[in-house]
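Novice: Now for the letters of each chain:
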Amino acid sequence: MATKGKVLIIDDDPDFCEFMRTGLESGGFEVLTAASGKQGLSLMRSAKPDLVFLDVVMAHPTEGVDVTATIKEDPELWDIPVVMLTSIMDTEYIGHFPTDRPLAVDQFLTKPVPMAEVLRIANETVGAKS
Amino acid sequence: MIDFHPLKLELVERIDWLIRLRWWAVAGTLVGILVARLVEPALPVLPLIIVTGFIGLYNVVFALYARQLWQRRGTGIRRRRSPQFAATQIVVDLVALTALLHFSGGIENPFAIFLVFHVIIAAILLSRRASVAVALLASVLYAGLVFLELTGWLPHVHLPLLADPARYTVVAYAASKVGATCLTLLLAAAMASSVSERLQQRTQDLLEANRVCEVNRTELAEVNERLRQVDAARTQFIVMVAHELRAPMGAIITALNLVLGGYAPPEKQRDVLERAQVRAYELLDLIRDLLELVRARRLEGPAQATPVAMDQVLDGVLGLMRVEAENKGLTLTTHIAPDLPPVRATPDQLKSIWTNLISNAIKYTPAGGQVTVTVARDGNEVIGSVEDTGIGISREDMPRLFEEFFRTEQAKAMVQRGTGVGLAIVKRTVESYGGRIWVESEAGQGSKFSFALPVADDTSTTQTEDR
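Top to bottom, those sequences are chains A and B.
Going letter by letter, the first sequence gives residues 1 to 130 in my numbering.
Going letter by letter, the second sequence gives residues 1 to 467 in my numbering.
Please note that the accuracy of each hint is not assured.
From the structure, some residues in chain A lie toward chain B, with a derived Cβ separation under 7 Å [what the hints assert, rightly or not]: (1) Phe16; (2) Gly23; (3) Lys111.
Simulated from the structure, these hints should not be mistaken for lab results.
No residue lacks a Cβ here, since even glycine has one placed at the ideal position from N, Cα and C.
With the sequences and hints as input, model every part of the structure.
Specialist: Structural data, given as structure tokens:
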């Protein structure tokens, strides 16, 4: 079955990765998952996903932010759209926790994100690309 | 004999004042001599000017010495030498004034009363004893001068314009004038030094009060800072707790949303819900551990502690733990020393310490491994340890091991479910009983957690804090 596109989930919570996989696959996407920023970056390079959902706080509080910094530097990666996810209460926290560095992301969402919203973003982003 | 003044620092400052005052005295004397000369032609100006010049000269010497002392400030020398220095100046001044009096009419000179100033200066700068000594010296000098002039040992200058010279040859008059002057000097010394001492005492009290205030202020600032830190830590803790609670809750909601929204195909629904259930239990564990943690935090350890037999408590825990170890294919060995003294703790808390440590060892040791529980006495402590052949702890993770919510990556990889609060609870509990906890470990080789609790002595049942 031809998929609509490749979506990469970078999150250290295996349940969350699994839930996103289930939802996105039911929406017709091919889903890859990575449990760390490092693994996520290497998958981005090798598999060239059309969209990345990136968790902020993994093993290190700023791991997700570090990933975006690397993406910004790498011409191979900087065109891939990134949606940042966090379970931090609200975006007001972003001022001081986990970072006040500028984030190189296309959208910023707070967990839990309704699957309808995830699918809408995926459809819009991947649809716009292809 | 010079007594040390309680406010030595003030004295040090007053030395300069004394030297400045003397310059004014020199100028005043010169003007006085000229005016007196106009009124009283009999006055011998030259010796008076010479004496005044001498005063100026020694004041220069004093000023130089004062500067030298000033340069050595902070060494204590200045403070030690200042009283003697002041006393020396006053004595030299007395002699100089007596010389001036001698050349300006002796007993006939009404300015003899200026002797009082020296006594008062001594009372202000030095002690009561010193000022009385100065009054006595002034009396001796004055009486001696009058006596020597009266007997003709020293030449006497008459001031015919001011007084009837004949009057001063009357011994009774001279004696009564000398007596009155000396008495005045002594009384002035007594009164001035009494006032001065009282002022010094007040100043001393004020300084002391200020010092106490300063100490209190510093202590309050410290307490305030500690409270601020406690408050900051608490806020940080609440934020962490909120984050920790939100993670499983977020996962559960995502799972429910997936199933209810029809995004999960029927064959996957059960898996999704099962995962949600695990996370819900995790949430429940977390809430239980948080309550436990709060209890450990405010535990009034020694107050609630009673002598507890460590081996009995451990026996109760081991029953359950053996089953767990067997289920996982681990060997659980125990080395419990005989005749262990009781430790001061509460049985429930002690049970929770053992349960936490042993179940951790079982959790993080792969099948086929060993878990060894040891209890032994060491001096005034009973030491319990749990050793395993499990995943171990890396050097970098060691410092954070007892932090709330901290779990090593290896631990997370091996056992997904865990709150990271257990060791924090154990540490707080052990420490609340005056005990210690420590860990020896090497990544991949295994870990050994040990804790020491003080032995309960016979008096400890009276709930006194004796350690």
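Novice: Now look at each hint and say whether the structure bears it out.
Specialist: Hints, verified against the model:
About 6 Å separates the beta-carbon of A/Phe16 from the nearest beta-carbon of chain B, less than 7 Å, and the hint is met. Restraint check, A/Gly23 versus chain B: the minimum CB separation of about 4 Å is within 7 Å; hint holds. With a least beta-carbon distance of about 4 Å to chain B, the hint placing A/Lys111 at the interface is held under the 7 Å criterion.
In this structure, every one of the numbered hints holds.
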